[in-house]
Amino acid sequence: MMSHESPSEAPTAPHSNVHPRLLDNLNPEQLRAITLGHESALVLAGAGSGKTRVLTTRIAFLIQSGQATPGSILAVTFTNKAAKEMLTRLSAMMPINTRGMWVGTFHGLCNRLLRAHHRDANLPQTFQILDSADQQSAIKRLMKTLNIDDEKFKPKEMAWFINGAKDQGLRANMVEAKDEFTRRQVEFYQAYDEQCQREGVVDFAELLLRCQELLAKNPALLEHYRSRFKFILVDEFQDTNRLQYQWIQLLAGKDTAVFGVGDDDQSIYAFRGAEAANMRDFQRDFARGNVIKLEQNYRSQGNILDAANAVIANNKDRLGKNLWTDEGKGEPIRIYAASTDADEAQFVIDEVCALHREGKNLSAMALLYRSNAQSRVLEHTLFRAGVAYRVYGGLRFFERMEVKHALAYLRLAGNPADDGAFSRVVNFPPRGIGARSVEQVQAFAVRYGVSLYEAALNGIAQNTITGRSAAAIGTFLRVIEGLKSSGDARLSLAELVDEALEKSGMKSHYTAEREGADRLENLAELVTACAQFEETYEGEDSPLVGFLTHASLEAGDHEAAVNDDALQLMTVHAAKGLEFDHVFLGGLEEGLFPHENSLSDFAGVEEERRLMYVAITRARKRLYLSYAGQRMLHGQTRYGIVSRFLDEIPAPLCKFIVMPEKQAAYGGSGGGYSWGNNQAGARGSYGSAHNERRSVSGGGAGSYTGFNQTIPKDENAVEYGREGAPDVSRANFETAKKDALPFGIGQNVNHAKFGDGVVLAFEGRGTDARVQVKFRREGTKWLALQYAKLTVLA
DNA sequence: TCAGAGGTAATTTTT
DNA sequence: TTACCTCTGA
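The letter at position 116 of the first sequence is residue 116 when you use the working numbering, and the numbering goes up by one with no holes.
Hints listed in this document are in silico derivations from the structure and should not be mistaken for laboratory results.
Derived lysine-lysine pairs resembling DSSO-like cross-links, with alpha carbons at most 30 Å apart:
#1 K404 <-> K81
#2 K321 <-> K655
#3 K84 <-> K360
#4 K484 <-> K140
#5 K404 <-> K503
#6 K178 <-> K154
#7 K774 <-> K316
FRET-style restraints, in silico, Cβ to Cβ:
#8 R99 <-> G37: 22 to 32 Å
#9 W324 <-> L395: 34 to 44 Å
#10 D518 <-> A133: 13 to 23 Å
#11 G37 <-> G71: 16 to 26 Å
#12 S227 <-> E535: 31 to 41 Å
#13 P95 <-> W324: 33 to 43 Å
#14 R228 <-> Y537: 23 to 33 Å
#15 A216 <-> Q190: 15 to 25 Å
#16 L222 <-> W324: 42 to 52 Å
No residue lacks a Cβ here, since even glycine has one placed at the ideal position from N, Cα and C.
Generate coordinates for the entire structure from the input sequences, incorporating the hints supplied.
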C-alpha cells in the first residue's frame, strides 16, 4: 500500500499554477478524486476518510491548474456550517477571493437564483422565507379560514404532506389522490400555495421547487447557468431528496462535470425525504462507473472501525465499502450492562470524571443517544456531579419567541402582505386586540381579497371596524407605518430594530415582566446581530431583506463558545460529521435503538443500523456502549432487552465491564447470567456500597436476576473478552426470558380479532405482562398477555 | 386577557 | 414523566 506520506506526482495541466504542497499527503484514491479531469464522478467517502479535504482540494486544484475559473464552479452542501467550512478552507488554500464562487446550501443557492430572477419566478423581490414553525402557523391559519376540521387533518401532518410532495418535485395538481382523504389534502396543498403566493412568502421546500421550475421554464436562463457552471460539486449526496437531484440534473448541462461525494452507509435522513438511492441513480446518470472509494480512515482506531464494519455489514442495501486504518487496533470497545437508566448514567459520568482526572478535556468526550428524552437522566446525574456539559439541540437564536416577534415587525414593515407576521404581532405585546377584533379584520380581508394589513387600514377608514379595538388597531398600524418610513429613510438596520422594539412596546413589556430579563438580553443581541450583519453585508437586496433571509436560512448556531471545556451531549443524528476522542453511546436496547417506530419494516431497521454505524465512527480512541435493563420512558417503567446492534459487534473487540462485587458474585460460575431486573432490588439501595444480588431462578415469570451496581473503582474491575464475564448477549437473554415471555420483539403474531401483527415491545411479567403489537389493519395496541390470545406465527 | 385545568402524544432535523 | 396545546372561567 502506498504510504499517504509520500509526495504525490499528480497529473496537472500544463502551464498550471498548482501550489507545490497542495497535493501533499494524499492517499492514491484521494489524489485520483482530486485530480480528475473534466468528468463526472461519484466519490464514496467513508466516515473519517478526508471527504471535506478532497472536496476543497479539488476545487483549489481545478482553479490552480487552470481548468476552471472560480465563477465556473458551483459547490452545494446541506448545512451552512459545511458551506462555511468549505469557504474557510478554500481561502486558506488560495489567495484568491471566493466571492465569485457559488458555494452554499441548496436553499441558499436557490434563494440567490430566485432573488436574481424574481420576476421570472413570479415572486416579489422582497419575498420572505418561512421556517418550519412559520409554515406550521400559516397552515393552521389557513385551516381556520377554510373551516377544516383540525381533528381529522392535523396541521403537522398537513405540513408533512405538503413538504413531502414538494420534496418530490410535485405540485398539487401533480399529486395522485387515490382516496378521499388524500384528495382533501391535495386540495389544501393548492390553497396553501395560493395563500403563500398572496402573502409573498415561500417555505423551505418551495425555495427549491420554485427554483427548479424557474430553470425548467426558462430555456434561455437555464442555458446561461448551464454554460456558466462547468463544475458542480455536491456534498453529502446520500442526503439529497428527489427534488434536489432533479435540480442538479437540470443545472448540469452537457459540458458540466458533476462531482458527487457521499456515503450511503451514513444515510440517516430518509425520514425527511432523503433518498440514498439517488447515489445509484447518480452512478447511472452521471458517473457511469466512475466511482472512487475512500476507505482509509484517519479518525478511529482499528477496533472501532472493525466494530463499525461488522455492524454495517448486516445491511443488505449498500453500495459496499470497508473502512481500514494503519494506526493499529487501539483500545477494546467497552461494554457496560446497567440495571437501570440511572445506573447507566452514573457509570457513564464516573468514567467521564475518571478520564477528566487523567487530564482529558471534557470537550473531547461526547455522550450520544438515540432520542432527546434520554438526555434527562444524564443531565440530572451530571448536574449532581458538578460536571460542565452542553446539550445540543433545542431552540436556536432566531427561533426564540421574542426574536421572532421582533422580526415579524420588520417583516411587516418590509412586506405588509405578510399575514403571518401580522397575526403574530397584531396583539403582541398585548394591546387589547382580542380574537373578535382580529376576526373582524379577517372577514374584511376575505371579503375584499386583501391582506390583513390592508384590511385593517381600510376597515378603520371605512368604519367597518369599530369600537374599542379600532383605536388599538390604529396604534398598531401607526407603529408599522413608522417603521416603513424609517426603513425608507435608510435608517441602519440596528436602528430600525431598536425602533421596532421601542415603538411596539416590546421593550417595556419585557422590562415589566418578571422573567423578561433573558428576553431583553436576546433582543439586545438581535440589535448587535443586525449591526454586525450590516457591516459585512454585500448582497444586492436591501440590508433588511438580506437580514430577514439570513435569519430564516441560518437560524443560528447550536454550538457553544469554542473555548469552554464542556462535555458534549447530543443525539446520534446531531453527531454526524463530528468526532470525539471518547464516545459514550447509551440506551442500546431494543425499541430504543433500534427505535420501536422503525422496527416494523426492513428499511427502517437498516436506517437504524446506519445510525449505529454513524455513532460508532464518531469515536477516535475509546468507545463505550451501554444499555439498561430498566428504563423510565413516558412515565412508565420499561424493561428492555439488549440491542441487536450490540450483538453484531464481534466479542473479541469488546471488553465487558463488571463491577468488583459483581465479579465476585458471578466469578467462575460460568454463565447463568441474565439481566433485566428484580424490581425490589433495583428500587432498593441504589448507589449503596453493598451489592445485593437477588436471584429467583426457575421461578417462571420471576426468572430474572436483579442487582445493584456500584461504580467501577479501578481498571482491575474490568475483564477482557467474554471469558469469565457474564454473557450479555441477546441470545442468552432470550433463553432466560423464554418461559416468561413467549415473544421476541419483531415476532409475527396473530390475534383472533385484530388479525396479523408484529410484536414491538413488552413490559411487566407474569400476570402483568403486556405486549405491544402493531397490527396490519388495526394499528398499534398494548395487550395484556394474560387475556390476549396470540398465536405465534412463523 | 390570562392563568390554570385538563387532555394528549411522546424518534431522529436542516433549511 | 413532561411538554405542549386547547379550553374554560374569572
